[in-house]
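Please construct the entire structure, taking both the sequences and the accompanying hints into account.
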Amino acid sequence: MGNRITIDPITRIEGHLKIEVEVENGKVKDAWCSGQMFRGIEIMLKGRDPRDAHHFVQRSCGVCTYVHALSSVRAVEDACKITIPDNARLVRNLIHGAQFQHDHIVHFYHLHALDWVDIVSALSADPKKAEALSANTSGRPQKSDYFKSVQDKLKAFVGSGQLGPFNNGYWGHSAYKLPPEANLMATSHYLEALQLQAKAAKMHAIFGGKNPHPQFLVVGGVTSVGDLTVERIKEFEDIWKETKDFVDNVYLPDLLAVASFYKDWGAIGGNNSSFLCYGDFANDSAEKNKLMPSGFIRNKMPVEEMTTDKVTEDVTKGWYEKGDAKHPFQGETKPIQGEVTYNTDKQYTWLKAPRYDGLAAEVGPLARVLVAYGKNAPGVQALVDSTLKKLGVGVEALFSTLGRTAARGLETKIIGDSMGGWLESLKANIAKGDKKTYQSWTMPKTGKGFGLNDVPRGALGHWIEIADGKIKNYQYVVPSTWNFGPADAKGNKGPVEKALIGTPIADASKPLEVLRTIHSYDPCIACAVHVIDPHTNETYKVSVI
Amino acid sequence: MLTPLYKLRATIDGCPYCFTGDKMAEKIMVLGVGNILYSDDGFGIRVVEKLESEQIFPDNVTVVDGGVLGVNLLGVISGADRLIVVDTILNHGKPGDIHRLEGDAIPNRILGKNSMHQVDLLEALSLCRLMGSVPQTVIIGVEPQDIETLNPELTPAIARQVDIVAKMVIQELDKLALKTL
Numbered sequence: 003m004g005n006r007i008t009i010d011p012i013t014r015i016e017g018h019l020k021i022e023v024e025v026e027n028g029k030v031k032d033a034w035c036s037g038q039m040f041r042g043i044e045i046m047l048k049g050r051d052p053r054d055a056h057h058f059v060q061r062s063c064g065v066c067t068y069v070h071a072l073s074s075v076r077a078v079e080d081a082c083k084i085t086i087p088d089n090a091r092l093v094r095n096l097i098h099g100a101q102f103q104h105d106h107i108v109h110f111y112h113l114h115a116l117d118w119v120d121i122v123s124a125l126s127a128d129p130k131k132a133e134a135l136s137a138n139t140s141g142r143p144q145k146s147d148y149f150k151s152v153q154d155k156l157k158a159f160v161g162s163g164q165l166g167p168f169n170n171g172y173w174g175h176s177a178y179k180l181p182p183e184a185n186l187m188a189t190s191h192y193l194e195a196l197q198l199q200a201k202a203a204k205m206h207a208i209f210g211g212k213n214p215h216p217q218f219l220v221v222g223g224v225t226s227v228g229d230l231t232v233e234r235i236k237e238f239e240d241i242w243k244e245t246k247d248f249v250d251n252v253y254l255p256d257l258l259a260v261a262s263f264y265k266d267w268g269a270i271g272g273n274n275s276s277f278l279c280y281g282d283f284a285n286d287s288a289e290k291n292k293l294m295p296s297g298f299i300r301n302k303m304p305v306e307e308m309t310t311d312k313v314t315e316d317v318t319k320g321w322y323e324k325g326d327a328k329h330p331f332q333g334e335t336k337p338i339q340g341e342v343t344y345n346t347d348k349q350y351t352w353l354k355a356p357r358y359d360g361l362a363a364e365v366g367p368l369a370r371v372l373v374a375y376g377k378n379a380p381g382v383q384a385l386v387d388s389t390l391k392k393l394g395v396g397v398e399a400l401f402s403t404l405g406r407t408a409a410r411g412l413e414t415k416i417i418g419d420s421m422g423g424w425l426e427s428l429k430a431n432i433a434k435g436d437k438k439t440y441q442s443w444t445m446p447k448t449g450k451g452f453g454l455n456d457v458p459r460g461a462l463g464h465w466i467e468i469a470d471g472k473i474k475n476y477q478y479v480v481p482s483t484w485n486f487g488p489a490d491a492k493g494n495k496g497p498v499e500k501a502l503i504g505t506p507i508a509d510a511s512k513p514l515e516v517l518r519t520i521h522s523y524d525p526c527i528a529c530a531v532h533v534i535d536p537h538t539n540e541t542y543k544v545s546v547i
Numbered sequence: 083m084l085t086p087l088y089k090l091r092a093t094i095d096g097c098p099y100c101f102t103g104d105k106m107a108e109k110i111m112v113l114g115v116g117n118i119l120y121s122d123d124g125f126g127i128r129v130v131e132k133l134e135s136e137q138i139f140p141d142n143v144t145v146v147d148g149g150v151l152g153v154n155l156l157g158v159i160s161g162a163d164r165l166i167v168v169d170t171i172l173n174h175g176k177p178g179d180i181h182r183l184e185g186d187a188i189p190n191r192i193l194g195k196n197s198m199h200q201v202d203l204l205e206a207l208s209l210c211r212l213m214g215s216v217p218q219t220v221i222i223g224v225e226p227q228d229i230e231t232l233n234p235e236l237t238p239a240i241a242r243q244v245d246i247v248a249k250m251v252i253q254e255l256d257k258l259a260l261k262t263l
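Protein sequences appear in the order of chains A and B.
Counting from 3, one number per residue, gives the positions in the first sequence under this note's numbering.
Counting from 83, one number per residue, gives the positions in the second sequence under this note's numbering.
It is worth saying that the hints were derived from the structure and are not from the lab.
Take these hints with a grain of salt, some might be off.
[Stated by the list, open to error] Computed from the model, here is a short list of chain B residues facing chain A with C-beta under 8 angstroms:
| hint | residue |
| --- | --- |
| 1 | N117 |
| 2 | G157 |
| 3 | M213 |
Note that CB positions come from ideal geometry on N, CA and C, so glycine has one too.
Take a look at the structure:
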């Protein structure tokens, strides 16, 4: 047996993730993902008023507050057969789009970039060479004085000893491939992105009333009536334009510049062949036509239409009472009683194993871009093809850690560009006197429904059953469960478990390469790495950003 | 009911305590953090909910329900000059004990705490430093009894401290108001 590297949980927010990999001959031989916290919120929701569900579910994740509220509200709307007004659809699209712009920029620069960018190396960069690099790659070239000032700031920060986010990085690791100037350019944009994301977050507050926990969603529409004014829309539009400019001229050029040094990662971290999207961003009130279409890719075959009837959850490897794989409407949350034991041969996680037609499916940016590409969604093929061409890699490179990270950047642009059209539609509606944002409705005695949503991390679904006007059953299947879920009854592993197999590891005490793939899925957690070497009995503990 | 002082400040024109409309006034943020689904972990949120429902604050004071957003709170806090955080704090005390941390005490005392959103908050503060604008921070917190059970209610002993800590927040604001005059 090789070394086992464990990535331990240290957060109480949803996710609470532990990942263990077995390393043999410098490569990952096997991998297990374990959700370390039981999420019993479904039990808590039973017997409550369906209109209140979204207030609870938006607290179940530390990062994705709005998207859970949106799925919940949609599930109740489906159960109660409510069609929301056009303005409500547009406002929801705009807020959801703003969430993608914010989250993906933060992910690339603040949660993922330091897996590829060596901050310490940036200290030794030549600012003049950085200027030349910037002139060649950036849509917004910057001068050597600017790079010098960033370098000085960074030196002062490192010198203060308060490293914060840069603490415990694997600086100097042999897997870092960028020249010092590229590291300096990326680090400069890390700082710019901090400023930008603080602004981008304000888009939520304009129609959302309140950030970070928006209060504008109600079953039947939105309550942002007071914000449907020319001035408020202009405020939103100004931040959107600034964000779009950053995506076009900084984020995407940086993505290409960094990726060009890591083309080998176009063949690592991509063992998955099935992908699922629920789709999102409806272009019409009937929600038939979506900017990011729904679909299922089975073993890299052409895209099939997706139906939620084929979604099941398997509990074979979870700490749950034994039972058959069940559709969420029949879903149960019955934890085994007493202490649980982590055993990768038996049960090892609180996550259930979601399956589509019996198959493990990756969800998230890569799934969405592949499905949109396969369904020939407007503009997607041209953008993907030109990106692959610029990098000089083939289409197979999409199925990888690099492809996943690139897909996230590309969809940021696809969604961001579309926000302009929704703003124009909203303005046109208001100009003609249509300010309706809410459809009144009455609670039925009984009802069943589901709310689908494709959120920054992937396909999210909430299922609700109403009896006597109260919640009888509530289940949700979240993106991290799809991606980080365990093996099923047939022994088929979850997407991240599979993706990690084969990853080269230069140094088991610094498993930077494993983190690259884990972070490419954007888990909403911070991790500590805990490495156990059974041969030397040495234990390494390293905090990870 | 808490003191209605802030209502007066926000509404009376020419009041010497009133800093509405003063664009130069320091931006003060009251930030509650925690998870309302886990009993006493929701303490910080319950305090800011109480403050929001009973007080009207002047324009330069923002009250924020930060939930468990951690580092994503950066966008919210980076604009503040002063930050008053309300949270649960594990500090080897009895449930219900109230702690007030300020300045150098913050990193050392909090690092030992078994709470991720707290560490994330510190990380957010350190990123603020990198952006060149760190708010001066005070953390007021209660020692919790139960942060494990999935229950949207505080335990009775901790629920009793909500009023007291809400008053402490008002006192902090009073101190800051005097400083700015």
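With chain A as the partner, please determine if B:N117 meets the hint condition of a C-beta pair closer than 8 angstroms.
holds (6 angstroms)
*Would the hint on B:M213 stand, with a C-beta cut-off of 8 angstroms toward chain A?*
holds (5 angstroms)
Grab the minimum C-beta distance from B:G157 to chain A and call the hint holds if it beats 8 angstroms, violated otherwise.
holds (3 angstroms)
In summary, the structure agrees with every hint in the numbered list given earlier.
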